[in-house]
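*Asks:* Chain by chain, the residues run as shown.
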Amino acid sequence: MSEYAVLEIWAVILVIAVATYLIRLSFIHLFGRINQVPPRVTLVLKFVPAAVLAALVAPQLVTPSPDVAEMVVDERLAAGIVAAAVAWWRGDILVTILVGMVALWALQFGPTLVF
Amino acid sequence: MTEDFKAGARDSIGILLGLVPFALVFGIAADGAGLSTIQTVAMSAGIFAGTAQLVTVELIAANAGLAIVIVTGIVVNLRMLMYSASIAPHFTEYGQRTRAVLAYFLTDHVYAMSIAEYAEEARSRNKRLYYLGLGVSIWLVWVAATVVGYVLGAGIPESLNLMFAIPLVFLAILVPAIEDAPQVVAALASAVVAIAAAYAVAEFGLPRGLDLLIAAAVGIVAGVTAEEVMAR
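Chains R and G, in that order, give the protein sequences. Counted from 1, the first sequence has number 90 at position 90 by the numbering used here; the numbering is strictly sequential. Counted from 1, the second sequence has number 170 at position 170 by the numbering used here; the numbering is strictly sequential.
Be aware that a few hints might be false.
Residues of chain G placed beyond 12 Å of chain R at every Cβ, according to the derived structure [as the list claims (entries may be wrong)]:
(1) D11
(2) A119
(3) E120
(4) L152
Cβ-to-Cβ under 10 Å is the rule here; a few derived chain R residues that face chain G [unchecked claim]:
(5) I9
(6) A17
(7) L22
(8) I28
(9) L61
(10) P66
(11) R76
(12) A87
(13) D92
(14) I97
Just so you know, the hints here were simulated from the structure itself, not pulled from any lab data. Here the structure is a predicted model, which means the values were calculated and not measured. Just so you know, even glycine gets a beta-carbon here, dropped at the ideal spot from N, CA and C.
With the hints as constraints, model all of the structure from the sequences given.
*Replies:* Structure, rendered in C-alpha cells:
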C-alpha cells in the first residue's frame, strides 16, 4: 500500500496519459512538415526498451548486496533464467509467465514436499 | 461493420491471448498499490500502454517521488515516437480529426500488425478500418481484463508470490525485443547498474525510482556506444 494521496495518483494518471497521447500523435500530426525522426534520436530510442526493462527486472531477480555469491543463490534468479529461456524460445507472454511461476513454486515449495 | 474492420478484430485474437495475462497482472498490481477501481480503469483507458502502467503502479507502491513516477512512465513510452513516424505516411490521406483518433490506439501491437498488413499490397485493405478493428478490440479486452485482475487481486494468497509475474512479464517483452549485440550490451549494463543502484536505495536512502532512471540512462549510453564502436 502506498502513501500516495488520491489527487497525486490522479495527477500521475492524467499527466502520463496526456504525454503518451502526444507522443503517439506527434508524427502522425506533423507529417508533411517533418517526416523523419533524426537518426540520432532513433538510435537512442532503439535502446530505451532494453535498458528500461532490464533495469526493472534485474533487482527483482536478486536481492542487491555487495556479496555476489549471496545474490546468485536465489530461487527468483533461477526461475527468471528459466523464464528468459522460454521467452527467447517461444516469444509468448502467457507461456513465459506460466513457466516462470511454476519454476518459482517448484523451487520454493518443492523441497518441503520432498523432505 | 465492414470486412476490413472485422479482419483487424480477427487478427487481434492472437495478440489478446498474450495481453490478457498481462492485463490481469496489472490489475492485481494496481490493487496491491492501493489504487481505486476507477483509477485502475482510468489508467488502462487513458495511458493504454501496459509496460508504462505496470512501471507506474510499481513505483507508486514503492512510494517513489511524484516527479520520478511521471518521468519514468513517460520515458517508457518514448519508443512510440518511432511508431508514430513510421506509420504516419499511411495516414496522410485522412483529415486531422481522423488522425487524432487513430493516434490514440497506437500501441506496440497495433503498430506492428498494421505495418505488416499495409505491406501486403495485394490485400488492399482500408487502412483506417483495419487499424481500428485491431485497436478497438485490444482496447476493450485490455480494459475489461484489467478490472478482472483488480477484482481477483484481493482473493489471492500472499504465499503464492503472484507479484513475481511482474518481472516475468517484463522479461517476456524484453527477451524477444533484443535483436542485436548493442541491445544486449544496453540490457546487461542497465541490469548491473540497476542492482547496484537498488542496493544504494536500500542502504543509503537514494530515492526509489531514481535507480531505475540512472540504470536506464547508463544502459542507453552503453548501447549507443557499442553500436558506434561496432560500426567502425
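*Asks:* Confirm or reject each hint.
*Replies:* Against the structure, the hints:
no., hint, result
1, D11, "17 Å, holds"
2, A119, "18 Å, holds"
3, E120, "21 Å, holds"
4, L152, "15 Å, holds"
5, I9, "6 Å, holds"
6, A17, "3 Å, holds"
7, L22, "9 Å, holds"
8, I28, "5 Å, holds"
9, L61, "6 Å, holds"
10, P66, "7 Å, holds"
11, R76, "7 Å, holds"
12, A87, "4 Å, holds"
13, D92, "6 Å, holds"
14, I97, "5 Å, holds"
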